[in-house]
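Number of protein chains: 2
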Amino acid sequence: MRVEIWSDIACPWCYVGKARFEKALEAFAHRDEVEVVHRSFELDPGRAKGDIQPVITMLTRKYGMSEAQARAGEENLGVQAAAEGLAYRTSGRDHGNTFDMHRLLHFAKEQGRQDELIQILYRANFAEERSVFSEGDERLVELAVEAGLDADATRKVLADPAAYADEVRADEREAAELGAGGVPFFVFDRTYGVSGAQPAEVFTQALTQAWGERPPLQLVEDGGAEACGPDGCAVPQH
Amino acid sequence: MRVEIWSDIACPWCYVGKARFEKALEAFAHRDEVEVVHRSFELDPGRAKGDIQPVITMLTRKYGMSEAQARAGEENLGVQAAAEGLAYRTSGRDHGNTFDMHRLLHFAKEQGRQDELIQILYRANFAEERSVFSEGDERLVELAVEAGLDADATRKVLADPAAYADEVRADEREAAELGAGGVPFFVFDRTYGVSGAQPAEVFTQALTQAWGERPPLQLVEDGGAEACGPDGCAVPQH
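Residue numbers (this note's numbering), protein chains in the order written: chain A, 17 to 254; chain B, 17 to 254.
Be aware that a few hints might be false.
It does not matter which identical chain is used: a pair holds within one copy or between any two.
Straight-line distance between alpha carbons at most 20 Å, and here's what the computed SDA-like set of lysine to any residue pairs gives [as the list claims (entries may be wrong)]:
hint	residue 1	residue 2
1	Lys125	Gln85
2	Lys172	Gln127
3	Lys172	Arg105
4	Lys172	Gln130
5	Lys125	Gln221
6	Lys172	Arg77
7	Lys125	Glu183
8	Lys125	Glu51
9	Lys172	Ala43
10	Lys125	Gly228
11	Lys39	Pro177
12	Lys65	Met17
13	Lys78	Gly108
14	Lys78	Pro246
15	Lys172	Thr76
16	Lys65	Glu42
17	Lys125	Val52
18	Lys65	Arg206
19	Lys65	Pro246
20	Lys39	Arg77
21	Lys125	Ala169
22	Lys125	Lys172
23	Lys39	Pro215
24	Lys78	Ala250
25	Lys78	Leu41
Since the hints were made in silico from the structure, they are not lab data.
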């Protein structure tokens with residue numbers, strides 16, 4: 017089974033939701049046959065690369081929250097994160113454009129390092145005092161190396177704005193086609209969806225349903241096929 | 017969309033079928049949104065690693081063909097391959113166990129090099145005078161390096177019979193669950209199947225159907241979700 021997770025590095029519920037999903041996956045009997053793929057979704061695609069703000073400022077200006085509301089929201093996220101065993105800095109974080117990180121996640125996918133990289137990016141952004149926005153490309157290189165990627169190859173990807181850009185856009189188009197208006201958004205074998213950081217039980221239900229209810233394949237052309245099997249390679253008489 | 021192709025390096029129809037599928041994919045409007053994954057299937061899993069035979073001998077002993085039938089079958093494959101622009105040696109090839117190659121293909125998948133490696137293995141086995149069976153591990157290392165893999169990392173995988181063995185077995189179990197008794201076997205988004213090296217038109221039909229008839233996702237839990245969207249991060253009142 018394949019689970020696709022649309023998310024953004026700047027999305028705290030994605031950070032928390034991933035842990036809830038993983039708790040369900042860990043306990044799922046067929047976990048070794050589940051492949052997880054991360055898909056790109058930008059919460060703030062219109063923000064210029066250099067336009068960085070403290071999270072609290074962004075929340076008040078962009079979403080019209082009062083500062084007290086913004087701070088209370090962050091405190092609540094800290095509590096929810098802690099319940100999943102995750103560290104969360106409720107103050108001092110910043111916010112910016114995540115396009116380059118999504119490009120790197122596609123590069124990491126090619127190298128079999130996508131899950132490592134997204135986890136390291138989340139941790140740097142939400143738990144550690146290592147901004148993924150305000151330290152420039154070299155911070156991203158540092159994190160990519162921790163995920164097992166090559167430093168120079170990472171620099172090359174970052175220096176070329178076209179590298180993996182189509183892949184990011186394709187993921188975002190697919191999210192829209194699947195009806196995902198927000199993230200995290202989980203898709204199980206393109207059959208079942210889970211929207212948001214639902215409790216682990218909901219992910220367990222989705223895994224179980226998607227596993228159990230897979231309909232039989234429809235063969236497109238059931239005629240004689242040129243194929244090889246345990247009894248040799250057949251050339252059917254059409 | 018995701019297309020999974022179950023095949024074996026020792027399967028000539030897999031070699032030909034891949035080219036027919038790729039012809040259809042090349043002409044498919046949404047080809048950039050199609051991901052191809054190669055899955056393991058062994059035609060001859062009971063054969064010991066060192067048990068290598070000329071293909072003609074294998075065909076006569078294992079499948080009870082006359083030598084003339086076996087040679088005619090190979091000639092026919094040569095004609096079918098040529099029609100797809102593929103070279104095919106109709107004599108002098110050998111046959112053996114492919115388990116190690118499947119393990120390497122899973123290793124290559126992690127490195128984003130799976131399609132390169134399978135193509136190189138096919139070419140060595142079917143088109144070139146480079147046996148993938150009788151030259152030992154170093155031939156496989158040579159081919160893996162051509163596919164962009166690291167020589168020492170490849171040697172390490174080959175030296176450890178457990179490396180990626182579970183992944184090969186999991187693919188084979190899934191093939192059985194999906195009803196694939198022979199290869200090549202193509203699965204489109206786990207919805208449509210194509211069995212055998214069908215003409216390109218059948219693959220076009222499968223791509224088009226799988227693309228067009230994707231049913232809408234069923235949301236497992238439609239209640240308020242802790243999610244972030246263009247309007248901020250919501251904490252719904254449950």
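Each hint, compared with the structure:
no.	hint	in the structure
1	Lys125 x Gln85	neither (37 Å within a copy, 46 Å between copies)
2	Lys172 x Gln127	both (15 Å within a copy, 18 Å between copies)
3	Lys172 x Arg105	neither (31 Å within a copy, 41 Å between copies)
4	Lys172 x Gln130	within (17 Å within a copy, 23 Å between copies)
5	Lys125 x Gln221	neither (27 Å within a copy, 29 Å between copies)
6	Lys172 x Arg77	neither (35 Å within a copy, 54 Å between copies)
7	Lys125 x Glu183	both (11 Å within a copy, 18 Å between copies)
8	Lys125 x Glu51	both (12 Å within a copy, 12 Å between copies)
9	Lys172 x Ala43	neither (39 Å within a copy, 31 Å between copies)
10	Lys125 x Gly228	neither (28 Å within a copy, 27 Å between copies)
11	Lys39 x Pro177	neither (36 Å within a copy, 31 Å between copies)
12	Lys65 x Met17	neither (36 Å within a copy, 31 Å between copies)
13	Lys78 x Gly108	within (18 Å within a copy, 70 Å between copies)
14	Lys78 x Pro246	between (63 Å within a copy, 10 Å between copies)
15	Lys172 x Thr76	neither (36 Å within a copy, 54 Å between copies)
16	Lys65 x Glu42	neither (37 Å within a copy, 35 Å between copies)
17	Lys125 x Val52	both (11 Å within a copy, 14 Å between copies)
18	Lys65 x Arg206	neither (32 Å within a copy, 39 Å between copies)
19	Lys65 x Pro246	between (57 Å within a copy, 17 Å between copies)
20	Lys39 x Arg77	neither (35 Å within a copy, 52 Å between copies)
21	Lys125 x Ala169	both (14 Å within a copy, 19 Å between copies)
22	Lys125 x Lys172	within (16 Å within a copy, 22 Å between copies)
23	Lys39 x Pro215	within (10 Å within a copy, 45 Å between copies)
24	Lys78 x Ala250	between (64 Å within a copy, 14 Å between copies)
25	Lys78 x Leu41	neither (35 Å within a copy, 43 Å between copies)
Of the hints listed earlier, those the structure fails to meet are numbers 1, 3, 5, 6, 9, 10, 11, 12, 15, 16, 18, 20, 25, in rising order.
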